[in-house]
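In order, the protein sequences belong to chains W and R. With the working numbering, letter number 8 in the first sequence gets 8, and the count goes up by one each step, no holes. With the working numbering, letter number 334 in the second sequence gets 473, and the count goes up by one each step, no holes.
Hints in this document: simulated from the structure, not taken from any laboratory. No experiment lies behind these values; they were computed from the predicted model shown. One thing to keep in mind: the hints can contain errors.
[Stated by the list, open to error] Which residues of chain W face chain R? A partial, calculated answer using Cβ under 7 Å:
| no. | residue |
| --- | --- |
| 1 | I6 |
| 2 | E12 |
| 3 | T61 |
| 4 | T63 |
A virtual CB, placed ideally from N, CA and C, is assigned to each residue, including glycine.
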Amino acid sequence: MVRLSISRHWREKGAYYRLEGIECLDCGKRSYPPAPVCPHCGSRNVRRVKLPRTGRLLSYTITYSIPEGFREYAPVMLGLIELDDGTRLVSQLTDTKPEELRENMRVEAVLRRVQVDGEYGLIHYALKFRPHRPGGRKE
Amino acid sequence: MESKVYVIGVGLTRIARLYDKGLTDLFAEASLKALEDAGWPEVDAVVVGSMLPSIHNEQSSLASLLAQSLPYTRGKMAVGVEDADNSGLAAVIKGYSLIASGLAKTVLVAGVEKMTEYPSAMAIRALSQACNAQHELFHGATLISLQALLMRLYMNTYGIDRDTMSAWPVLMHSNASENPYAQLRFKVTKEQVASSMMVSDPIRLLDSSPIGDGAAAIVLAASDAAGSRNNAVEIAAVAQASDTVGIAYREDPLRLLAAEKAARTAYEKAGIKARDLDVVELHDTTTILGLLGLEALGLSPRGKAAVMVDEGEFSSKSKPSVNLSGGLKARGHPAGATGVYQAAEIALQLRGDYPGRRAPDPEMGLALGLGGLGSTASIIVMRR
């Protein structure tokens with residue numbers, strides 16, 4: 001009984017498609033997803049920035065206990081990623097195999113299908129992360 | 140001046156896949172036991188902690204609905220508390236606040252949850268609503284897989300191996316084997332933990348709390364309403380704190396900041412230190428959250444909890460004894476009901492009539508409840 005909402009997804013387009021986060025003009029730290037105040041120092045003096053699309057895997061997991069709606073991606077590979085500017089995020093890992101995952105592995109953002117709302121509903125896309133391919137095809 | 144608050148009665152149901160019992164059945168069973176234990180006082184308010192009824196049972200207005208199943212509650216205050224899988228202890232603190240502020244003299248607090256109405260994939264998704272829906276669950280993350288990210292990070296950061304981590308579930312199952320209310324009443328070995336099904340690498344089935352139904356209730360009363368009940372247990376302090384929903388925002392993902400802050404506040408209010416605690420119930424959705432909880436409460440230096448458990452600390456012979464119920468791991472984790480189980484278990488330990496393994500003559504007890512990965516923390520300290 002997963003119901004995907006058009007407006008809920010559309011509001012997040014900056015974060016989902018362009019990897020937009022915020023930069024705090026007071027403490028200098030960057031955060032993802034975007035928030036009205038800096039989660040680190042509480043300042044309201046923040047601006048939207050596009051975050052770098054490459055980083056490294058701080059931690060990862062391969063999930064066999066699949067939540068409803070994600071069966072086609074089983075086993076779901078998930079990463080805690082630190083982007084090149086130090087911003088962290090949680091994202092799905094794609095275009096790789098469980099046995100290829102390593103801590104500190106270089107990864108890059110790539111647009112992929114995330115959820116499908118039944119046969120006639122929406123197909124939701126967003127950025128996932130795959131092993132970095134230096135000089136590889138640009139997405 | 141805040142009024143002192145006492146626990147004057149407790150009631151529990153066994154946690155299991157109880158297909159023949161609904162929310163009302165479970166609530167009434169636990170609540171009537173608690174009211175009987177308290178000597179059938181007149182209650183001014185019913186507070187219900189629960190997380191999933193709006194998803195699994197299509198039911199809001201839960202507290203009023205459930206209060207209908209008790210005698211003499213019509214017209215009384217009935218209020219629900221939802222704080223993810225920390226709802227139970229948040230409800231206890233709501234009940235405490237009603238009495239401490241003078242709004243009520245006697246309060247029934249119950250936690251109730253039906254986890255087994257649908258297949259597990261739906262229960263996992265529902266329970267995972269404790270995490271960030273738009274930026275964690277959207278990507279297929281769950282409450283368990285996010286903890287797997289922390290477990291791997293913990294093992295790498297502190298150089299802890301699988302064998303050492305397994306000491307936690309072994310201790311939890313050993314404790315639960317003597318708890319008549321526990322869902323998983325059997326012992327396991329480290330070898331069984333290490334070879335159990337992989338749920339979310341490195342979390343295995345025996346690292347993870349089971350899915351089960353249950354209800355727990357306690358009766359709270361102000362000093363004058365508690366009267367001369369000789370098994371009344373005093374609540375010495377309560378505290379709550381919050382942290383980011385979403386582990387990516389946290390400067391150090393291996394610190395449960397909300398639990399640390401709530402512990403500091405609670406210790407100060409109760410005038411104690413961590414080393415004064417005799418008996419503790421804490422929130423181990425999986426092994427890693429149990430270990431991080433020990434560290435946040437100041438019962439272990441950072442990065443050392445797994446080794447201390449493996450060396451035999453925190454058992455029924457230790458000070459403090461931790462999770463003599465078996466914890467979420469083996470007593471079970473009926474989400475929003477769990478915190479009320481914890482509060483009831485600490486009260487029973489301090490009364491000296493806990494039906495399972497007992498701490499040696501405990502005087503000071505603490506329960507720690509967490510929402511999700513510690514985005515909320517509730518602490519209650521009780522004194523005999």
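Hints versus structure:
A cut of 7 Å between beta carbons decides the hint on I6 (chain W): the least distance to chain R is about 14 Å, and the hint is violated. The criterion of a C-beta within 7 Å of any C-beta in chain R is met by E12 (chain W), whose closest approach is roughly 6 Å, and the hint holds. With a least beta-carbon distance of about 4 Å to chain R, the hint placing T61 (chain W) at the interface is held under the 7 Å criterion. The restraint placing T63 (chain W) at the interface with chain R holds, with a minimum CB-CB distance near 4 Å, inside the 7 Å limit.
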